[in-house]
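Just need the whole structure built from these sequences, with the hints factored in.
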Amino acid sequence: MRFRIKNQEDFWSGLMFINFGVLAIIVARDYPMGAAMRMGPGYFPTYVGALLAGLGAVICVRSLRREGERIVGWAWRPLIMLSVAFLVYGFLMEDRGLGFVPALVALIVLSSLSRREFKPVELTILTVALVAGAVGIFSYGLELPFPLFWWR
Amino acid sequence: MEELALLFPNLTLGFSTAVSPANLFYCFAGVFVGTLIGVLPGIGPLAAIAMLLPLTFNLPPVGALIMLAGIYYGAQYAGSTTAILVKLPRESASVVTCMDGYEMAKKGRAGPALAVAALGSFFAGTVGVVLIALFGPPIAELALKFGSAEYFSLVVMGLIASAVLAHGSLIKALGMILLGLLFGIVGTDVNSGMSRFAFGVTGLTDGISFVVIAMGLFGFAEIVSNLERGGAKRDLLFGRIKHLWPTLDDFRRSWKPAIRGTAIGAFFGTLPGAGPTIAAFSSYALEKKVAKDPSRFGSGAIEGVAGPESANNAAAQCAFIPTLTLGIAGSGTMALMLGALTIQGIAPGLQVMTQRPELFWGLIASMWIGNGMLVLLNLPLIGLWVKLLTVPYRMLFPAIMMFMAIGVYSVNNQSLDIYITLMFGVLGYVFVKLKCEPAPLILAFVLGPLMEENLRRALLISRGDPTVFMTRPISAGFLVATLALLLIMVVPAVRKKRQEALEDQPHDTTA
Amino acid sequence: MHIERHVRHLAAGLVLAAAAAGFAHAQEKASAYPGKSVRWVVPFPPGASNDIIARLIGQKLSEAWGQPFVVDNRPGAGGTVGAETVARAAPDGYTLIVSNPGPSINNVLMRKKPSYLITDFSPVVFIGYAPLIIVAHPGFPPRNARELVEYAKINPGRVNWGSSGTGSSLHIGLALFQSATGVSVVHVPYKGAAPALSDVVGGQINLMYTTSVTGEAQIKAGRVKVLAVADEKRQPVLPDVPTLAELGIKGAEAKVWFGMSAPAKTPRPIIDKLNREVNKALGTADVRQRLDALGLVVGGGTPEQFNAFIKNESERLAKLIKIGAVQVE
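Sequence lines, in order, name chains G, A and L. The first sequence begins at 26 in the working numbering and counts up by one. The second sequence begins at 11 in the working numbering and counts up by one. The third sequence begins at 112 in the working numbering and counts up by one.
Everything labelled a hint here was simulated from the structure, so no lab data went into it. Be careful, since some hints might not be right.
Said to hold, decoys possible - The calculated lysine-lysine pairs, modelled on PhoX-like cross-linking and capped at a C-alpha distance of 25 Å, are:
1) L:K366 <-> L:K433
2) L:K361 <-> L:K344
3) A:K117 <-> A:K266
4) L:K391 <-> L:K171
5) G:K31 <-> A:K397
6) G:K144 <-> A:K397
7) L:K302 <-> L:K361
8) L:K376 <-> L:K336
9) L:K224 <-> L:K171
10) L:K331 <-> L:K366
11) A:K445 <-> A:K155
12) A:K155 <-> L:K336
13) L:K430 <-> L:K224
14) A:K252 <-> A:K397
15) L:K344 <-> L:K302
16) A:K155 <-> L:K430
17) A:K266 <-> G:K31
18) L:K302 <-> A:K155
Said to hold, decoys possible - So, partial list: chain G residues that the calculated Cβ filter (under 10 Å) puts toward chain L:
19) D120
20) E142
21) P170
These numbers were taken from a predicted model, which means no experiment stands behind them. Here a beta-carbon is modelled for each residue, glycine too, at the ideal position from N, C-alpha and C.
Okay, here's the thing in structure tokens:
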């Protein structure tokens, strides 16, 4: 017997809820449950996780019967490029990173690459303007204690 | 009414203190700095007040307090700006403003949204000030009646109400609430001191900060889906601006929500903890319930901006009530204000009203003046903000990315928060794809820790007897209200109508 | 054998020379210190007492040396995040921390696997302390700590005693009280002292430890009563309230204290220089007045004195843990 997922959105939502719920229950097994008067740290997460998993199951089952929409058109390129931009920014801002200015430049340039067209002149101007503005406002204006470059 | 008889001389004293050139300057400096930090990421009101605190050591106490208060409510006021313009909520109360404010901006109605937010806030602020002046002490007494049982029941009511926020399937909204509760658990358990769901990462032992989760689920996910939806072809994401100012119809739609929002905000503001957040969400839920056509909500209904914004600001003003009259701080910012008072050698509390009336009433009067200054400061800025949206999106989104990155990093000065934001960003995009509304998740995330903490404390104090939630009248009241809400949502007839309403709703929101 | 001795001498000589060079280098470094801005880590959010104290004294140090002392808030995990940062920082005097019972002692001893040790820090100077006081709802029958002990013995497990969190100074104070008197109360933890105090005022719980400055407004308004001062001497602001010792309760003194520490192995001359300057700042009238307003008994003294103090405090907590009065997580 072949069964068809009639509502993809709901089916995957339900599956996601089940996963998060089960994960919560598994992790919470390490925490003491306690009693009603002195609830342990495991009490609340276990029950919330169980409820979530149960609800997820209901959503999944319903999705097999009710007609709904298909999921189409993932924006892979923006998703990946913006993720890389954030990762690199975070990495450069670490205690032994290159500093605020290189991190900002990397963030802006990598973000812009999430679009196919590439305008080098415009991007350069944009980067310089944004970095200068950010350094002026945050480093000098608000005196946030970020080192600007690796040497200071 | 002794209070009423004394109000006039008191307010006269207050205004004569507040309008001295020096105090007017402190007030302006405060609201100006507050507006600035409210718009900029990277530094919240708490940090700004802390940084300026040493400066105030050498100011007279009245001036110091007026300036610090100005920063606080100035930031609260301006917090909606980024929520409306670029879907970056600065604090949990602004999440609500995002829902319809940002949709309005996308339709080229950023101007009316910002103006209504500013005017609603001014109205709410004014009412808030009057309330503090008239009923401060009795309201504060009411707040003291709130024990753990009451807080728990209140939070349960807020959570159930938040399901109304989602304009999709109700059951998925409930799932998002539960998921939000789980994310809220991350961090150190208040009762045992044990760290949970932190996976051995020290940076997670204080939990995920609001800014991180909001920037991820809203800011990041929004940029990705904008770039998906033909952002590469069309450079203008935002609709053509038809008019900068609200129309007569906008005003007609907004004034009632603003009044209701103010009332809700004034009530919740005095409760420490999540006052402004619950106020904003409750106001939104109420407006959606009373609206003739609830389907407009979520796609740019001006009532969904006017109500919550008023509620949020009324709550922010009323948060001063317990601080000033009882000397009990409901938030970190209020604790800092108390610190500022203490360091000036003034013990906060009711005796301030009698011993230093010029301080108490001067502050109250200055808050009203400050709210006026905020309107004058913010209305002209609207033109500038709206102009900002005409910048091609290909240049706008790297700037938004930058603002998010700086803002997230500076919360705790750690890169870990950037990585977690990214995780929530990806998750947020999945939510968009699965049509799961993130707003209930965020509310649950904010309220979840309060719910668990108070549930456990209430049962600890009652020695494990669960009937406390029903035997204490205020708590029982909230639970009955929750039940009523649930009934309204679950009764099939109502539910069917809800579904029909949702199906009528236009899907294209970028028009 | 001869060769071996020679080698040993040579080695000793080399070590001495290296030490001397290092010392001279350190001396030179100390006279140039601070040559750039100094980062003073506050392991709590802006506005906490630690933060206010750091900003107050940091301002004085900046003025004295013409180099900014930047307060860097690294909150998280009851101070653990900030303490970790400093424990791992270069011991060059350019990274300091506000030490405080939570990050400096409690978080280390109360964890099975602490991420840093008490010895990862060199104490610089004791800034001051706030004695804890017991405040109770006015309707709570006992009028002082002695009556409280009697009451708790007649009503075992019925007294609700709040704190600002598990493992906080207020919780340790409660544990000290229980182990000194043998009474058993229910510990009700809160997220911070303010909400706990609010519940004492509202009568949701019976009593708690707090500092006089936190409780001042409520005490003055008569919304709470003070049962005892947990210090060796009475408090100037509460002249009528007896100390625990006066009431016959010995060894339960509890305080919240503040100091400055540097990463371990920070050169001694730099520590001495910092110590001298902070002592000077603590002597000025305006700093004294501000700290007084914060309810602090102003400290000062040598790094050795501060070290001995920390050692003593950590031994007291270690004893509590040993007898099971507080649990290790």
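Tested hints:
{"no.": "1", "hint": "L:K366 <-> L:K433", "in the structure": "21 Å, holds"}
{"no.": "2", "hint": "L:K361 <-> L:K344", "in the structure": "13 Å, holds"}
{"no.": "3", "hint": "A:K117 <-> A:K266", "in the structure": "23 Å, holds"}
{"no.": "4", "hint": "L:K391 <-> L:K171", "in the structure": "9 Å, holds"}
{"no.": "5", "hint": "G:K31 <-> A:K397", "in the structure": "45 Å, violated"}
{"no.": "6", "hint": "G:K144 <-> A:K397", "in the structure": "23 Å, holds"}
{"no.": "7", "hint": "L:K302 <-> L:K361", "in the structure": "29 Å, violated"}
{"no.": "8", "hint": "L:K376 <-> L:K336", "in the structure": "47 Å, violated"}
{"no.": "9", "hint": "L:K224 <-> L:K171", "in the structure": "38 Å, violated"}
{"no.": "10", "hint": "L:K331 <-> L:K366", "in the structure": "21 Å, holds"}
{"no.": "11", "hint": "A:K445 <-> A:K155", "in the structure": "41 Å, violated"}
{"no.": "12", "hint": "A:K155 <-> L:K336", "in the structure": "19 Å, holds"}
{"no.": "13", "hint": "L:K430 <-> L:K224", "in the structure": "18 Å, holds"}
{"no.": "14", "hint": "A:K252 <-> A:K397", "in the structure": "13 Å, holds"}
{"no.": "15", "hint": "L:K344 <-> L:K302", "in the structure": "29 Å, violated"}
{"no.": "16", "hint": "A:K155 <-> L:K430", "in the structure": "39 Å, violated"}
{"no.": "17", "hint": "A:K266 <-> G:K31", "in the structure": "43 Å, violated"}
{"no.": "18", "hint": "L:K302 <-> A:K155", "in the structure": "19 Å, holds"}
{"no.": "19", "hint": "D120", "in the structure": "8 Å, holds"}
{"no.": "20", "hint": "E142", "in the structure": "42 Å, violated"}
{"no.": "21", "hint": "P170", "in the structure": "5 Å, holds"}
Figure legend: structure checked against the earlier numbered hints; hints not met, in rising order: 5, 7, 8, 9, 11, 15, 16, 17 and 20.
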